[in-house]
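If you read the protein sequences in the order shown, they are chains Y and S. Position 193 of the first sequence, counting from 1, maps to 193 under full-length UniProt numbering, and the rest follow consecutively. Position 15 of the second sequence, counting from 1, maps to 15 under full-length UniProt numbering, and the rest follow consecutively.
A couple of the hints might just be wrong.
[Said to hold, decoys possible] Here are some, though not all, of the chain Y residues that point toward chain S, as calculated from beta-carbon distances under 10 Å:
| id | residue |
| --- | --- |
| 1 | D24 |
| 2 | V112 |
| 3 | D169 |
| 4 | S171 |
The hints are simulated quantities; they were obtained by calculation from the structure and are not laboratory data. Treat the numbers as computed from the prediction; the structure is a model and nothing was measured. For every residue, glycine included, the Cβ atom is placed at its ideal position computed from N, Cα and C.
Number of protein chains: 2
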Amino acid sequence: MEREIIELFMRHLKIQGDLPLGDDAGAIKLGNEWFVATNDMLVRKTDVPDIMTPEQVGFKAVTMNVSDVAAMGARPVGFLFSLGVPGDIDMDYLEGVARGIGDALEFYNLPVLSADTNEADDLIIDGIALGRTGRLLTRSGAKPGDLVCVTGDIGRALAGLLLWRYGVDVSGRIRRPLYEKLLEPRARVAEGIELSGYANAAIDISDGLSKELHLLARMSGVRIEVDAERLPVRKEAVEAARMLGISAVEMALASGEEFELVFTIPGEVAESLRVEFTVIGRVEKGNGVYVTIGGKREEMPLLGWEHLNRKVYGTYRALFR
Amino acid sequence: MEREIIELFMRHLKIQGDLPLGDDAGAIKLGNEWFVATNDMLVRKTDVPDIMTPEQVGFKAVTMNVSDVAAMGARPVGFLFSLGVPGDIDMDYLEGVARGIGDALEFYNLPVLSADTNEADDLIIDGIALGRTGRLLTRSGAKPGDLVCVTGDIGRALAGLLLWRYGVDVSGRIRRPLYEKLLEPRARVAEGIELSGYANAAIDISDGLSKELHLLARMSGVRIEVDAERLPVRKEAVEAARMLGISAVEMALASGEEFELVFTIPGEVAESLRVEFTVIGRVEKGNGVYVTIGGKREEMPLLGWEHLNRKVYGTYRALFR
Numbered sequence: 001m002e003r004e005i006i007e008l009f010m011r012h013l014k015i016q017g018d019l020p021l022g023d024d025a026g027a028i029k030l031g032n033e034w035f036v037a038t039n040d041m042l043v044r045k046t047d048v049p050d051i052m053t054p055e056q057v058g059f060k061a062v063t064m065n066v067s068d069v070a071a072m073g074a075r076p077v078g079f080l081f082s083l084g085v086p087g088d089i090d091m092d093y094l095e096g097v098a099r100g101i102g103d104a105l106e107f108y109n110l111p112v113l114s115a116d117t118n119e120a121d122d123l124i125i126d127g128i129a130l131g132r133t134g135r136l137l138t139r140s141g142a143k144p145g146d147l148v149c150v151t152g153d154i155g156r157a158l159a160g161l162l163l164w165r166y167g168v169d170v171s172g173r174i175r176r177p178l179y180e181k182l183l184e185p186r187a188r189v190a191e192g193i194e195l196s197g198y199a200n201a202a203i204d205i206s207d208g209l210s211k212e213l214h215l216l217a218r219m220s221g222v223r224i225e226v227d228a229e230r231l232p233v234r235k236e237a238v239e240a241a242r243m244l245g246i247s248a249v250e251m252a253l254a255s256g257e258e259f260e261l262v263f264t265i266p267g268e269v270a271e272s273l274r275v276e277f278t279v280i281g282r283v284e285k286g287n288g289v290y291v292t293i294g295g296k297r298e299e300m301p302l303l304g305w306e307h308l309n310r311k312v313y314g315t316y317r318a319l320f321r
Numbered sequence: 001m002e003r004e005i006i007e008l009f010m011r012h013l014k015i016q017g018d019l020p021l022g023d024d025a026g027a028i029k030l031g032n033e034w035f036v037a038t039n040d041m042l043v044r045k046t047d048v049p050d051i052m053t054p055e056q057v058g059f060k061a062v063t064m065n066v067s068d069v070a071a072m073g074a075r076p077v078g079f080l081f082s083l084g085v086p087g088d089i090d091m092d093y094l095e096g097v098a099r100g101i102g103d104a105l106e107f108y109n110l111p112v113l114s115a116d117t118n119e120a121d122d123l124i125i126d127g128i129a130l131g132r133t134g135r136l137l138t139r140s141g142a143k144p145g146d147l148v149c150v151t152g153d154i155g156r157a158l159a160g161l162l163l164w165r166y167g168v169d170v171s172g173r174i175r176r177p178l179y180e181k182l183l184e185p186r187a188r189v190a191e192g193i194e195l196s197g198y199a200n201a202a203i204d205i206s207d208g209l210s211k212e213l214h215l216l217a218r219m220s221g222v223r224i225e226v227d228a229e230r231l232p233v234r235k236e237a238v239e240a241a242r243m244l245g246i247s248a249v250e251m252a253l254a255s256g257e258e259f260e261l262v263f264t265i266p267g268e269v270a271e272s273l274r275v276e277f278t279v280i281g282r283v284e285k286g287n288g289v290y291v292t293i294g295g296k297r298e299e300m301p302l303l304g305w306e307h308l309n310r311k312v313y314g315t316y317r318a319l320f321r
């Protein structure tokens with residue numbers, strides 16, 4: 001459905017900016033600088049798990065937009081938002097959302113430039129982040145020979161979501177770091193700015209590493225080879241995967257809204273980066289995305305969280321039969 | 001409700017941009033230039049009368065944002081949007097909206113920089129327009145001695161809305177120009193750019209001239225005096241007001257989403273403007289907004305369309321008793 005809607009709109013939008021559509025953000029060139037703008041809508045009913053506090057909802061509405069700016073290698077310079085608010089909204093809840101937005105703007109040191117409110121059926125926060133950079137990072141710049149790298153670790157957000165969804169009883173030691181990533185992810189702003197000087201391509205993890213790698217490979221016209229053993233998955237996420245009866249690698253590849261940056265960069269340049277990252281693979285000539293697991297190389301499937309959810313549901317249904 | 005929500009958010013948003021909140025758009029200074037950004041959400045259920053075609057809905061979602069940029073004296077340079085789309089949307093309707101957005105972007109010669117779609121309960125178009133200008137027009141710059149001026153004419157949008165709402169039978173000669181303004185308003189882009197060199201303050205008519213004048217007076221710390229006889233109201237709007245049993249002046253002051261620009265400017269400068277406009281009053285020291293009707297001067301009430309709607313409802317209920 002989403003794909004169909006986007007194609008329908010593409011047919012009718014003839015004038016594009018200095019950067020074609022399809023990146024994390026739009027961009028226009030002003031003099032020697034790129035000005036970056038991005039918007040992302042958060043809809044309570046579809047995007048917010050019940051355990052999220054209103055403060056976390058507000059914070060995340062900022063983070064998801066700031067992350068798109070960071071993925072372009074740009075420094076965030078301002079935030080705007082439109083609210084859709086149901087007539088019967090709980091004002092305490094709304095105040096929590098406001099507090100979360102305010103806290104996030106302080107955290108990212110970002111001024112709010114404009115805010116607007118409207119009546120709507122469901123709580124909607126449409127955030128807009130603006131940024132600037134001398135050199136733009138896109139999804140189409142990956143070059144054969146580049147290393148494929150990722151900041152931070154992956155998999156915790158989906159591990160936390162599945163533990164919550166299936167009411168799996170785990171210790172606080174495991175639950176805490178997983179819920180932290182699920183409920184309070186942070187955008188990699190400093191990393192994006194540093195990378196803008198060196199990387200050839202970048203994207204943030206919104207829909208899961210496997211989907212982002214496929215986008216990078218397709219938009220850059222290259223092949224990507226990933227070594228599953230190098231994926232930075234924390235032990236709490238591995239333990240959760242075992243309890244849920246699923247593969248930790250698949251979980252890490254499917255986990256969305258992690259807001260880590262995936263980037264490609266020449267090996268000799270990577271050494272001087274002042275960013276913590278893990279090399280997970282390599283860019284080659286060709287096309288497609290491949291992953292080597294336990295010495296076996298295969299095409300990397302396009303994994304989404306629904307896929308893992310079905311597997312867990314299968315396991316749990318069997319257990320309770 | 002809207003006011004309460006805005007105040008709630010203001011308490012939690014500590015960092016503001018180079019221009020305080022409260023104008024048509026947000027702005028940040030980059031070198032010698034102002035970069036302007038604005039966003040406005042259109043919700044089908046509350047913002048769209050049934051007679052509007054999907055093409056008109058899409059076009060208006062662009063116009064309302066471009067108008068805010070124009071009111072800042074800025075040249076629009078890019079457009080972004082987020083869609084909220086119900087699962088059961090009629091795809092033909094959605095294609096009409098896409099065509100309308102595409103037509104508007106061609107009309108305003110504006111590139112689309114980013115687009116995003118989400119599932120939502122109602123059709124929502126959150127548009128964002130970006131612009132740039134060397135000199136910013138704000139709501140707070142009006143100076144005693146300035147003339148108060150307005151582009152185009154006012155009142156047709158509300159006249160058309162009320163005729164439609166109450167099913168009043170009028171000739172095409174009257175209906176056509178009123179519906180044109182109601183359904184296909186256009187932003188005053190060239191006028192905004194020209195005014196940025198000369199005017200002291202500007203605002204676009206979103207909520208009705210009376211509300212915009214009160215905002216101008218309050219934010220500039222001045223008094224505004226308007227001469228009702230000088231208001232540019234077209235004869236079709238006057239005839240509609242007569243048929244509806246309401247005052248044409250009140251209708252013109254209450255009519256929203258006209259997207260005309262209201263501006264204040266020193267008299268000697270106004271003469272050299274290459275913009276068509278009407279002088280409707282004068283800025284003085286003091287505070288408040290006053291209107292002189294038939295030689296009688298009174299405080300201008302804060303008129304909204306609901307007010308006029310109640311009056312027409314009263315008339316029509318009496319007629320049908």
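Taking 10 Å as the limit, does the beta-carbon of D24(Y) come near enough to a beta-carbon in chain S? Holds, because the Cβ-Cβ distance from D24(Y) to chain S comes to roughly 9 Å (cut-off 10 Å).
Measuring from the C-beta of V112(Y) to each C-beta in chain S, is the shortest one below 10 Å? At 5 Å from the nearest chain S Cβ, V112(Y) passes the 10 Å test, so the hint holds.
Take the shortest C-beta to C-beta distance between D169(Y) and chain S; is it under 10 Å? violated (32 Å)
Holds or violated: is the Cβ of S171(Y) closer than 10 Å to a Cβ in chain S? Violated, because the Cβ-Cβ distance from S171(Y) to chain S comes to roughly 35 Å (cut-off 10 Å).
Comparing the model with each numbered hint stated earlier shows that hints 3, 4 do not hold.
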